[in-house]
Every structure is written in structure tokens, then in C-alpha cells.
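Asker: Could you put the whole structure together from the sequences, leaning on the hints where they help?
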Amino acid sequence: MATIREELQAAVRRLFEDDKIDYFLGYVDDYGHTFPAILTKDSDLSGLTFDRKSYNNLAAFLPELRGSRLGLICKQCEVRTLNVLAAEEQLEREKLVVVGVPCPAMIDPRKLSADEAELGSDDPALWQEKCRRCLERNTPTADLFVGEKISTPTPAEGWPLLEEVEAKPAEEREAWWREQMSLCIRCYACRLACPLCYCHQCFVEDNKPQWLDKSVGAENNLHYHIIRAIHLAGRCIECQECSRVCPVGIPVDVLNNVLSRDFASRFGYASGETAETKPALVAYERDDPEDFIL
Amino acid sequence: MARIGVFVCWCGANIASTVDVESVAEAASRLPGVAFATDYKYMCSDPGQKAILEAAQEHRLDGLVVAACSPRMHEPTFRQVAAEAGINPFRMQMANIREHCSWVHADREEATAKALDAIRMMVARVAQSEPLEPIKVPVTRRALVIGGGVAGIQAALDVADGGVETILVERTPSIGGKMAGLDETFPTLDCSQCILTPKMVDASRSEFIKLYTYCEVEKVDGSVGNFKVTLRKKAKYVNHELCNGCGDCFHKCPYKKIPSEFDYGVGNRTAIYVPFPQAVPNKPVIDRETCVFFKTGKCRACEKVCLRNAIDFEQEDEFEEIDVGAIIVATGYDILEPAEMAEFRYGAIPDVITGLQFERMSSASGPTEGKIVRPSDGEEPKVVVFVHCVGSRDENYKEYCSKICCMYNAKHAIILKHRIHDAQAYLFYIDVRAGGKGYEEFWKRACVEEGAEYLRGRVSRLYDENGKVIVEGQDTLSGEQVEVVADLVVLATAMVPAKGTEEMARILGVSTDKDGFFNEAHPKLRPVDTATGGIFLAGACQAPKDIPESVAQGSAAAAKALGLLTKEEITREPTVAVVDPFICTGCWNCVTVCPFGAPEKSEITMTIDGRKVTRPVSEINEGKCEGCGLCVASCPGNCIDQRGFSDDQVYAELGGYLERLRAALTHE
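So the sequences go chain by chain: H and E. Okay, so the first sequence: first residue is 1 according to this note's numbering, each after it adds one. Okay, so the second sequence: first residue is 295 according to this note's numbering, each after it adds one.
Please keep in mind that the hints were generated in silico from the structure rather than gathered at the bench. Cβ atoms here follow ideal geometry from the backbone N, Cα and C, with glycine treated the same way. Accuracy of the hints is not assured; some may be wrong.
[What the hints assert, rightly or not] So the derived label-pair ranges between C-beta atoms look like this:
no.: 1; chain 1: H; residue 1: Ser265; chain 2: E; residue 2: Pro842; range: 56 to 62 Å
no.: 2; chain 1: E; residue 1: Leu955; chain 2: H; residue 2: Thr141; range: 34 to 40 Å
no.: 3; chain 1: E; residue 1: Met295; chain 2: H; residue 2: Phe267; range: 48 to 54 Å
no.: 4; chain 1: E; residue 1: His816; chain 2: H; residue 2: Thr141; range: 33 to 39 Å
no.: 5; chain 1: E; residue 1: Gly559; chain 2: H; residue 2: Asp288; range: 36 to 42 Å
[As the list claims (entries may be wrong)] Here are the simulated DSSO-like pairs of lysine-lysine, each with C-alpha atoms no more than 30 Å apart in a straight line:
no.: 6; chain 1: E; residue 1: Lys895; chain 2: H; residue 2: Lys278
no.: 7; chain 1: H; residue 1: Lys95; chain 2: H; residue 2: Lys278
no.: 8; chain 1: E; residue 1: Lys522; chain 2: E; residue 2: Lys665
no.: 9; chain 1: E; residue 1: Lys697; chain 2: E; residue 2: Lys793
no.: 10; chain 1: E; residue 1: Lys895; chain 2: H; residue 2: Lys20
no.: 11; chain 1: E; residue 1: Lys589; chain 2: E; residue 2: Lys676
no.: 12; chain 1: H; residue 1: Lys278; chain 2: E; residue 2: Lys665
no.: 13; chain 1: E; residue 1: Lys793; chain 2: E; residue 2: Lys522
no.: 14; chain 1: E; residue 1: Lys895; chain 2: E; residue 2: Lys504
no.: 15; chain 1: H; residue 1: Lys208; chain 2: E; residue 2: Lys906
no.: 16; chain 1: H; residue 1: Lys20; chain 2: E; residue 2: Lys504
no.: 17; chain 1: E; residue 1: Lys793; chain 2: H; residue 2: Lys95
no.: 18; chain 1: E; residue 1: Lys527; chain 2: E; residue 2: Lys589
no.: 19; chain 1: H; residue 1: Lys95; chain 2: E; residue 2: Lys895
no.: 20; chain 1: E; residue 1: Lys522; chain 2: H; residue 2: Lys278
no.: 21; chain 1: H; residue 1: Lys208; chain 2: E; residue 2: Lys697
no.: 22; chain 1: H; residue 1: Lys278; chain 2: H; residue 2: Lys214
Answerer: Written as C-alpha cells, this is what we have:
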């Protein structure tokens with residue numbers, strides 16, 4: 001039986017041969033790592049793969065490639081992102097070929113010991129948090145599906161880290177956030193990795209008026225992260241890429257989770273749940289429940 | 295550096311008694327960007343304005359801050375002064391130190407400090423203000439009148455008289471409204487139809503009026519001067535181009551027992567029908583709900599008999615989009631459903647009817663040909679009780695007075711006496727409100743000359759006994775309980791906004807009051823305007839009104855509409871939103887949230903890294919933008935700014951506010 005790697009490479013080769021796409025957005029492995037890659041019909045496809053280290057949310061590359069005919073590997077994370085991007089009119093869905101895969105859950109590299117080479121582990125303790133909460137491990141609404149479908153374990157409930165932070169008394173919690181924020185070097189990797197941070201000009205770059213002091217410091221850093229979280233309110237699909245890419249290990253997504261939880265309880269809303277989901281803060285129905293709005 | 299002049303007004307003692315205006319002006323003169331500051335007793339007066347003009351010249355001012363009352367009061371005044379002084383009017387700001395300061399504070403020291411805060415904010419704001427020019431928009435020279443009752447007809451006729459094309463939309467099959475169903479009218483007792491039907495015919499014949507009956511307003515986009523209105527022309531199932539109104543169809547219609555809406559159920563109609571013989575247009579429609587053919591697929595009697603082949607069962611609702619510059623809303627009233635007020639036993643006792651049903655009975659062209667009868671047995675009533683204020687002036691139903699009932703009850707009592715000479719009318723009233731030309735004399739006539747018995751008090755109980763309606767109540771003048779054994783009881787039910795008014799308000803984007811009537815822009819000075827530019831009100835859709843008032847308001851609304859439509863172009867505030875196309879991502883949030891359809895989908899082509907890229911971007915149609923700021927707030931990339939309220943201005947203003955706090959902190 002063909003491995004998913006072989007099946008994937010064959011499928012992508014066919015897409016190029018049939019002139020269905022100009023680019024393919026996938027993952028290649030090299031030096032023991034798995035990287036996101038943009039491939040053309042002339043590329044060497046032999047590195048193309050999909051494994052437990054295919055971390056990146058590939059949808060983050062879409063705004064750059066807008067207008068091209070594009071194939072891409074979509075995990076559940078990307079599917080939800082595509083739904084949000086489509087609702088925000090940032091996507092030409094008809095130009096996309098969504099390649100579905102059975103997602104084996106991504107490893108959290110921080111949970112691996114340095115010499116741990118074996119990545120076939122099915123131990124949920126080594127998974128990324130988002131994978132424990134995954135609702136569907138086989139890509140829904142894919143244009144073509146490679147590999148064997150797998151079963152989805154019962155999703156975990158709640159946001160463990162958020163709950164842990166919230167359990168702290170207010171002063172301790174503030175101290176914890178200050179500590180976290182003092183680590184931030186404002187490299188903006190979180191913003192770059194985020195598939196929904198697609199503004200051509202971010203508020204941090206505005207200088208007339210200048211909303212935010214550009215120097216690094218706990219106060220300014222906190223403002224940056226809070227404003228970014230607010231800009232993602234009702235949009236964040238919890239792919240946790242912001243936290244994964246953070247070079248200093250700030251769990252940035254905890255801020256987003258607070259808002260996601262509010263949107264779930266207040267609006268009965270999960271962003272990007274289906275292709276029909278409209279942006280929560282823009283859509284308006286006459287019978288919207290407003291019991292929490294004064 | 296800006297050269298701003300600050301002018302602090304005393305407003306007599308209004309401001310000066312609480313705010314130390316002189317020290318405020320002195321402190322203001324030392325603010326950065328301020329070239330001159332002074333104070334004066336009445337800045338808005340002629341000497342006050344002159345002082346501004348002189349100072350502007352002497353100190354070469356390029357911006358003004360007038361610290362006085364609310365801009366709602368005098369902004370136009372001081373903008374005018376700025377323009378005369380050669381300063382862009384949008385580089386004039388008012389600091390409201392009256393309503394926001396002196397009127398609401400008692401402590402002189404605090405109020406003085408706050409007044410200086412307000413001035414500092416406005417100085418900072420003016421320093422950041424770009425000069426703006428008013429936007430000119432061409433006007434669509436066409437009016438829409440919604441509702442074909444007497445108010446709407448009058449409005450349409452008057453607009454048409456000004457030579458402006460008018461579209462008159464009526465949702466029922468005929469224009470005429472409630473008035474077309476009335477008998478004689480107070481206080482002159484001239485026949486309603488005789489005075490209305492010629493107007494209806496005029497409306498249908500006018501070269502400037504396009505009549506759309508059986509038609510409803512579905513959607514309204516755009517704004518003053520340029521509305522885009524979608525009309526739903528309901529399927530009539532009769533081709534009115536072919537129909538000559540001969541009436542063969544409704545004579546042949548086998549289904550004749552449908553309670554007529556026009557007769558309030560006193561008479562019946564057929565499934566294909568003209569609501570009343572004098573209808574305009576005098577051509578029938580088929581009521582799909584009651585037509586046997588639509589129910590069973592069999593019949594087609596009307597089709598067989600029609601010599602003009604005008605019956606068309608295949609017809610469907612049609613939509614038409616029209617462009618108009620002004621809209622007059624004349625959607626009228628309905629009566630409060632009396633069955634909802636169980637104590638009046640309407641529906642339970644057949645001889646309890648409403649005033650409008652009495653009108654249809656006494657109307658010579660009505661279903662009983664003017665004969666007043668008891669619905670239960672068709673007998674002539676000898677004792678008739680008229681009940682005032684049914685649901686009006688009643689905290690359980692409607693608190694307001696429906697205004698016309700006192701007069702029409704008196705009229706009914708007189709008509710009763712005229713038709714049935716030995717009949718006796720009893721009227722239960724709270725008090726008689728007869729303010730109007732000839733009104734007082736009219737009800738006195740009912741009382742004195744026509745022998746109507748007025749009983750001051752509310753009805754406490756109604757019940758039927760041996761074919762009579764027993765009405766119990768209190769005569770509060772004699773202090774005695776009274777009981778009237780009546781043959782017929784007529785309820786003067788409260789006037790309420792016409793069914794669908796709430797939906798219409800939503801479609802039009804105008805507000806309604808606590809009782810659901812449309813809100814006028816100002817209860818005294820702008821009674822026919824709504825708060826939305828270009829939309830005017832006429833008739834009972836605004837509040838209970840009688841015929842003369844409705845007609846007067848119809849004419850008034852027409853004058854307002856003509857005032858707008860006879861202009862070549864209108865100027866609009868330039869405080870509109872503007873998109874920076876270079877950073878817009880084309881998410882269309884602005885398109886979704888804008889209630890006025892101002893942001894439009896557009897494209898921009900630019901060169902990025904040497905390759906040409908075409909991107910979707912939003913563009914604001916300045917003619918449509920009302921400057922509400924919704925798009926500015928909802929733009930995720932902060933790509934939209936609002937002229938006159940730019941981020942820079944607001945930021946500077948906030949900085950001005952925080953200055954005192956910052957200074958205090960620095961001193962510590």
C-alpha cells in the first residue's frame with residue numbers, strides 16, 4: 001500500500017500535469033525537519049510530505065498568493081481558516097484545490113526531549129493543545145483526499161492554560177502577565193504566522209497618529225498583544241500558531257482563547273465552523289440575542 | 295504653527311455666572327497655536343461676530359474656536375462667520391462650555407478648569423483640521439408618496455402642481471384611504487366622497503403623477519436627493535392595460551360572501567373585486583387567498599366572461615426600482631382592534647360595532663345604502679349608545695387622545711337623528727375636546743339642536759339581554775349610576791399607526807415614538823420633517839389627525855419636498871468617510887455595516903515588487919455617506935478615516951483633554 005507521502009506526491013504531480021494549479025502549498029522534509037514550501041510544476045516533489053511536524057498553518061501564505069490557482073494541504077486548522085478568509089472576502093475559493101489529509105495530530109516540539117527522534121508517538125501528552133481539542137481529523141470539504149481516513153478521538157474540553165491562569169488571584173495573574181510580556185521582543189513572529197493577520201498595514205506601524213510606542217517594554221508589549229487579540233475577536237480559529245512560533249515561549253493564544261470562549265457562550269459562535277459562518281462582529285440579524293448588551 | 299483665535303462667550307450670565315470667562319480667555323491665549331483670545335457677552339450677536347471678523351484680520355487667524363453653547367445651537371452661525379473671515383468653516387470648532395459645563399456645574403473653580411479643558415481640546419483639534427469643501431450632489435427630480443389616503447393624495451397633487459414627477463404608491467387596490475369610506479364629515483356635514491373622489495380622479499389624471507396601486511415599498515437605499523426605492527407590484531391577476539372596468543367579472547364571481555375590508559365587514563365582496571364603486575383605478579384585482587380557482591384549480595368564471603381577455607392567472611409579483619429625490623410618508627392609521635378590549639364585548643355582542651362600521655352603514659354608497667340597522671336582525675335602532683375614548687386616554691391601552699372621536703361621535707349622533715327621527719343618541723364621554731374651527735359649535739348643535747344625550751362618565755359594563763345591549767355606567771355630573779337599554783352600541787376606538795408602520799420605519803430608516811407613530815424632526819418647528827433628510831411625513835402616520843390637518847400636512851410635506859426637488863444640486867456636509875486604497879484589503883466589512891450603501895466595491899491597480907497587482911478595494915460614494923462613522927469603526931485595518939473627525943483630530947483632542955492630568959502628574 002502506498003504511503004501518504006507517495007499518494008500526496010502522485011496527486012500533486014497530477015494536478016500540475018493536468019494544469020489545474022500554478023502553485024502547490026505543502027510541506028517538505030529535510031534535515032529532520034518539516035518546512036512549509038511553495039512548489040511549482042518545475043519543483044522537485046520528492047520532499048513533499050505530511051507528518052506530525054507539518055505544523056504551519058498554510059493558509060497564512062494565501063493572501064500573498066491571492067489570484068493564483070493554488071493547491072494546498074488542508075488540515076482542520078486550514079479548513080477553518082479558509083472559512084474565515086472566505087467570509088472576509090479574502091479568498092477566491094474557485095481557484096483553490098483543497099487537498100484533504102488524515103491529520104495524525106501535531107507534536108508539540110517543546111514537549112519533546114532533545115534527543116527524541118521518534119515522532120510516531122500516539123501519546124496525546126506530546127500533542128499540541130489544539131490537537132487534543134480537534135473536532136475532525138479528516139479534512140472536511142476537501143476537493144481531493146489522500147491517505148486513509150482515521151478516527152477522531154473524543155475532543156478535550158476547555159482551555160487548560162487559560163483556566164490555570166484565571167485561577168490565579170488578580171495580583172498574581174497580573175504579575176504573571178507582566179512576566180510573560182517582559183519576555184516579548186516584538187519580533188512580530190506571532191503576527192506573521194497568523195493566517196488572519198493579513199492587514200497591509202498593521203496598527204503598530206501607524207505613526208500618524210502613533211497608537212503604540214514602538215519601544216519594547218512590558219507595558220507596550222502588553223498593549224500590542226491585547227490590541228492584536230481584540231482585532232482577532234470572533235475571528236481566531238485557535239490554530240495556536242502564534243504561540244508555537246514565539247521564540248521566547250509566550251502563550252499568546254491564551255488572550256485569544258478568552259475571546260473565543262466569550263464568542264462561544266455569548267453568540268453561540270465558533271469562527272470558521274462552516275463555509276457559511278459569517279463574521280460575528282459584522283453580521284447582523286434582527287433576532288440576534290442581545291441579553292448581554294446593555 | 296497654527297494661528298487660532300479663541301472667543302469665549304459669556305452667554306449673558308448663562309456661562310459667566312459659573313465660569314470665570316476672563317481668566318479662561320487669558321489662559322487660552324497662552325495655549326500653543328493660539329494667536330489671540332478674548333471674551334464677550336454675546337458672541338453670537340452682531341458686535342460679537344464683528345469682533346471675530348476684526349480679530350481674524352488683525353491677527354491673521356487661520357482657525358477659530360468659539361467657546362459658547364452647543365454646536366447644535368450656533369455652529370451654522372459661526373461657520374458663516376469663519377467663511378466671511380476667509381477661514382475654512384471646517385477649521386472652526388465650538389467648545390460647548392454652556393450645556394456641557396456652566397449649566398451642569400455649580401463649583402466655579404471646577405467649571406472654569408473644565409471650560410479651559412474643553413477649549414484646549416478644540417484648539418488641538420482645529421490645529422489638526424484640514425480645510426473641507428461642501429460636497430455637491432445632483433438631485434433626482436422625482437418624488438415618492440407612500441400611501442394614497444387623503445394626506446398622500448394631497449401631497450402628490452401639490453408636488454405634481456409644482457411640475458415635479460410624483461409616484462404615488464398605495465398598497466390596497468384603490469387610492470382614497472380611510473376617508474373614501476366615510477359618510478359625511480364634521481363640522482360641515484359635507485359628503486366625504488363628494489369632496490374626495492374628484493381629488494382621486496385628479497391624481498389619476500395628472501400628467502405628473504404615476505399611480506401604483508396594490509403596490510408596496512420593499513426597500514429604500516440612498517439618501518436625500520437620491521433615493522433608490524424598490525417597489526413590489528403585487529400580482530393583480532388582471533391585466534389593467536386590457537381591462538376596461540366593465541365589472542362583468544365580479545358580477546359573475548360565484549364566491550360572494552367575503553367580508554369586505556373596505557366596509558369593515560359590514561358588507562361583502564367577491565374574490566375578484568373593486569373595493570368600492572368609485573375606486574381609482576376602477577379596475578378589479580383577484581384576491582388569491584379567497585379565489586376558488588387558486589384554491590381548487592377550478593372555476594375561471596371571470597376569465598370566461600371577460601371580453602377583453604384581461605384575466606391573467608399566471609401573473610406574479612413584480613419588482614421595480616425607482617430613483618426619487620424625496621419621499622413623503624403618508625401611511626395613515628388603523629383602529630385599535632376592539633376585540634382586544636374584552637370589556638367592550640365587541641365580537642361577542644353583534645350589535646356592538648365600531649365608528650368606522652357605523653360610517654359604512656350610514657354612507658349612501660355603503661353596503662346598506664345609508665340605512666342604519668342592527669347587524670343582529672336588520673332592524674332600525676331607536677336607542678344608540680356612542681362610547682368615547684375606547685382604548686384612548688386609557689392607561690391599560692393607549693395613553694394618548696385620539697383627537698377625532700369627540701367630533702365624529704357628535705357627527706354620528708346628528709346623522710342618526712337625521713336618518714331615524716325618533717332615535718335617541720346617548721354619548722358616554724370623559725370630556726369633549728372640540729378645538730378647531732366650528733368644532734365647538736358643532737358638538738353643541740348635536741347636544742342642543744339634535745337632542746343627543748351626553749353622559750359624562752365611563753362605561754362600566756356592557757351585556758346583552760333580550761336582544762338589547764344593556765350599557766351601565768356612571769354619570770359623574772349627577773353622581774348617579776345610569777343604565778341605557780340600547781339597540782346599538784358604537785365604539786370610538788383609538789387610532790393607532792397603520793399596520794406595518796414599524797416595518798416601514800425600518801425600511802425608511804426613520805424612528806417611531808412610544809406609540810409607534812413616526813417621529814417628526816422637531817415637535818414644533820419641523821413637524822413634517824423626519825430626522826432623515828429628504829423623508830417627510832403627512833397625515834395620521836405621525837399622530838392622530840382629522841381631515842383638515844391631514845390635508846394641511848400633505849400640502850406642507852409637498853412644499854418641503856418641492857423646496858428640495860427644485861434645486862439643481864444639494865450640498866452635503868463634507869464630513870464623510872474616506873478609504874486609503876493602498877492599505878484596504880477589500881474585506882467589505884464597511885459594505886456590510888453601512889446603512890446607506892455608501893462604500894462601493896472597487897479595484898486598484900498598483901505595482902508591487904515590479905509586478906502589476908489588481909486588488910479589490912472599497913471606495914466611499916460621497917453622495918451617499920452620512921458621516922455616521924460605522925465603517926470607520928468596523929474597518930479591521932484602520933483603512934478608513936472620517937473627514938472632520940480624523941484619527942489625528944480625535945487623537946489631538948484627547949491629548950488636549952489629558953493635558954491637565956499630565957501636568958498634575960508631572961508636578962507631583
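Asker: Which hints from the list above does the structure break, by number from lowest to highest?
Answerer: Hints 2, 4, 8, 11, 12, 14, 16, 17, 21, 22 contradicted; others consistent.
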